[in-house]
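Protein chains in written order, with my numbering: chain A, 1 to 128; chain B, 1 to 88; chain C, 1 to 891.
Keep in mind the hints are simulated off the structure, nothing from the lab. Do not rely on the hints blindly, as some may be mistaken.
Claimed, not checked - List of simulated lysine-lysine pairs, PhoX-like, C-alpha gap at most 25 Å:
hint, chain 1, residue 1, chain 2, residue 2
1, A, LYS73, A, LYS3
2, C, LYS571, C, LYS790
3, C, LYS662, C, LYS807
4, C, LYS662, A, LYS89
5, A, LYS89, C, LYS27
6, C, LYS654, C, LYS571
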Amino acid sequence: MAKRVLLIEDEPNIIEAVRFILSRDGWSVDTHADGATALSAVARRVPDVIVLDAMLPGRSGFEILRDLRGDSKTADIPVLMLTARGQQKDRDMAARNGANRFMTKPFSNAEMLACVQELYAATQSPGA
Amino acid sequence: MANRPTEPLFLERQTYRRRRLMDAARILPVAGFILCMLPMLWAGPGAADASVAVGGLYLFGVWTLLIVTAGILSRRLIRAAPPDSGTR
Amino acid sequence: MLTFNMLVLACFAYVAFLFAVAFLAEKRALRGRLGILRSPLVYTLSLSIYCTAWTFYGAVGYAARSGLEFVTIYLGPTLVMIGWWGLLRKLVRIGRTQRITSIADLISSRYGKSNLLGVLVTILAVVFTTPYIALQLQSVTLSFSIFTDGYAKGTAFWVAAGLAVFTILFGTRNLDIDERHHGIVTAIAVEAVVKLIALLAVGGFVVWGVAGGPGDVFRMIEDSPISTWKMDQSRWVTLTFLSAAACICLPRMFQVMVVENSNESHLATAAWAFPLYLFLMSLFVLPIAVVGLNVLPEGSNPDLFVLTVPLAFEQKGLATLVFLGGFSSATSMVIVAAIALATMVSNHIVMPIWLNARKGGATVSGDVRNVMLRSRRIAIMAVLALAYFYYAMSGGGAALAAIGLIAFVGAAQIMPALLGGLFWRGATRLGAAAGLIVGFAVWAWTLFLPGIGEGVLISSQTMAQGPFGMGWLRPQALFGIEGLDGVVHAAIWSLTLNTGVFVALSLLSFPNPVERLQGAEFVNILRYSAGARAFSPGTVDAEDLLMMSQRILGSAEAQALFQSVALEQGKEGYLPDTTSAFLERLERELAGSVGAATAHAMMGQITGGSAVSVSELMRVADETAQMMEYSNQLEAKSEELGRTARQLRVANEKLTALSIQKDEFLSQISHELRTPMTSIRAFSEILRDGGDMEPEARARYSRIIHDEARRLTRVLDDLLDLSVLESGQVTLYNEVTILGDIIDRAIAATGQNASALRIERQPLQERLVLFTDADRLAQVFINLIANAQKYCDADTPVLRILVRDNKQHAVIDFIDNGSGIPSEDQALIFEKFSRLGDTRASGGAGLGLAICREIAARLGGSLTYVPGQGGAAFRVTLPRRLTNADAEAAE
């Protein structure tokens, strides 16, 4: 079974870059650009890892995150949050809302790839 | 209530005069009307022959009197109570 | 030899002279240098419009036929004027505070702003003014006929046509908000002098030239056929009353006395000066009549003695002067009467119908004004046509005075409703309407219709035996009372029935809330200063009010008004809070243009109907003056306090918002810069890492890096631009340019050919010379045009670029036909990083409008959003005058 990742991001160029990086590593990449319907997209795709942008049209990434954690079906999916604002309070807010990892843009491609792989590995090993 | 004026007597007289002025202004047209209707007493059918020339003198005389009186009264009235001229 | 052609020439020259006077007066008024135009002298002289050709020719005729009775026509107005303190002062005060535009407006406004009454009075006025104007035409024709031995065919027609043209040219060029016609009033004042001089000249000639002085004249009167005074007593009293009523109720008199009055204290001067004028005009009437009877052959028309006496003594010059005087008095009456009637017709008949038929929808600024002007022009022509037909139908043979008296009795029908309305709070709309209808009907039956001529509309059989043989309805002997003089008979019956019905129905009917409010306000106007409130604000949208006001007042005036009210309230922009004071003021301004009834109806429509609340009614019912005054003052104070508190709160909120804004700004910048950086970094890493990649992919990624780098550069440029502008350190390269060129440049730069947007321009107006920084200004225009290209959501997008030059500023409006920007966002769009709607479609960082606003401010002008135009409308203003600094820099 291929590793599935769902990328929730609205900037088309960033989507293309991330998709290229991840699919080169063998990931099956789905994307979704609208914050308001993000939750239903998660329910549809059932990804192994979610890469979530903080600033989305329709709904804030933090709110989506909170809802994900509130629903038992999606509470355990690891989430990597991306944001253009890198202040401490943003980190704290992400952590509070249940993000597993947090990265500021611009990021290093290698680092992002490694992060996603680690998150996936954590779900595969027992007792995560 | 504002401070009471120190010389109430004078103020009262002024107000009184002003009121009488306004009364005079209201009565003037009535008086004028009566004066103008007086010729009915001596002219008209059934009365002795009245002279147009004399009647004319009387009417124009009354007219002059009314004009002069109105002039004086109006001057006094405007000076006593200048209305809010409020140009539109 | 005085030929017909010379006379016509003289008339033309005279009219041209009047034209010039009126023109100059209007120019002065426009420039605001009113000075003499507002003096009591001009006001008094304009009242002389009371003396028409009836006075000029007909008075002498009247005197020659009936002795001293002619004096009653001038005694009435004299009594009314000297009694100004009681009656006229009230009328003028009401006219000013309620912005009354005509006598129909006054009656309509008093009785609850009722349209019905406005229409009734207008119709009545048109009917009774028609014979009066016909009388003027008749007198002019008669005077011409003296010089041409018989009637010059069609004189009356040409005179009527000429008068229509002059009136339209000067009465309907534009709509003054207050219905003032400075040009006409000044021209009339000049005519008053001409009239007076002409009559005094003839009089002087007769007394000292023909006779041997006043004593001689006295003797001549005693020896003349009219030496005995056979006074008809009923006529003596009745005519005095009628002339007094006419002095107020004739539309032209109401116009000059109340509507054109600019200062109440002028009344004090007119109180003695106008009777003096009348006195002088009447002084020589008897002497002229008597000399005429002496000197001229039996059977000559006494109405023309003023002309024929000088001619009999070979005084050609004097006769010409007299001719001009008569012509002058006829024409001035017709002009003012036509304007007054046209105003009434357009405000009370045309406007309500037109507005009803076009509820909402029209967004063209000032379209209401165009309809009003056009309807007035048509009304003027119609009125003159009617008068001409009356003249033609009645054969022109009646004595001038007889026709005039018919009109007087008609005008007097308005008196009961007027006096009752001014002094009796119990007068109601129903009573007034019923009284008017009854009075009108009786007048028409007993005097107007018979007066057109026997057999024309009422057959001689009906005259003799009554309609269908009903003897008690005979037009000249109602209820079988015979032997009364015709005028007296008509006057007594019509006025008695009018007043009776008026009082009875007023006592029986109950007035509606607006009637009661207006009743209290009118009757008590001299006692109380504050006016009662009329509208509860409810949920009225200021933008809707602005759109409506633009239609009536014109866009410039409406926007200026709204802006000044907003300023008073401490707000910026064009949309003030809809307080009841504002609504009241707006209604009054509108009333000055379309009359109180229509203005009230329009306001009512927008504010959602019901105008008066129960608490308002209770205030009306309360008779104690002090309580009303006091509570008004308290409310005003608390409103003042509330406003100050609100201003303080707003300032505080602004300060807090500012610091939040700074944080927001920083994180926004951060976001805007990092997002393109992300793509750049990601793709450069991909390219650096190499590996197999198709050449297309490689090219594609390189292009993405390039695009994002450019995007980043744009954001950086904008940010830098904005901070330089805000700090005031920007260097402007000012030069002399033409506005049209800059607009051309901007349109070319926005790639207009590729876009679906159609641009409409005004090439002529754009030839405006400016001294400004052309590049920066082009930057602003480019931004506005690009925004329209991006955001206008109409099916066929159109952008109109309108240029206006008001001497101080050049005003350039960019108006598209999309859905505009909602009220709550109108202030927001100028903020940094604000983007409405889809954030990515714009392609920019949301700094465009913020930058443009700064540029406009640095150029000495402004950039604002104008609400109420239907689509998105941005207004750029630029100063036209060079400041000293600019002038120095240019050297």
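Hint check:
1. A:LYS73 to A:LYS3: Given that 25 Å is the threshold and the Cα spacing comes to 18 Å, the pair holds.
2. C:LYS571 to C:LYS790: violated (31 Å)
3. C:LYS662 to C:LYS807: violated (40 Å)
4. C:LYS662 to A:LYS89: Distance of about 16 Å is within 25 Å: holds.
5. A:LYS89 to C:LYS27: violated (69 Å)
6. C:LYS654 to C:LYS571: Since the Cα atoms of LYS654 (chain C) and LYS571 (chain C) sit roughly 13 Å apart, the hinted pair holds (cutoff 25 Å).
Going through the hint list in order, the structure does not satisfy hints 2, 3, 5.
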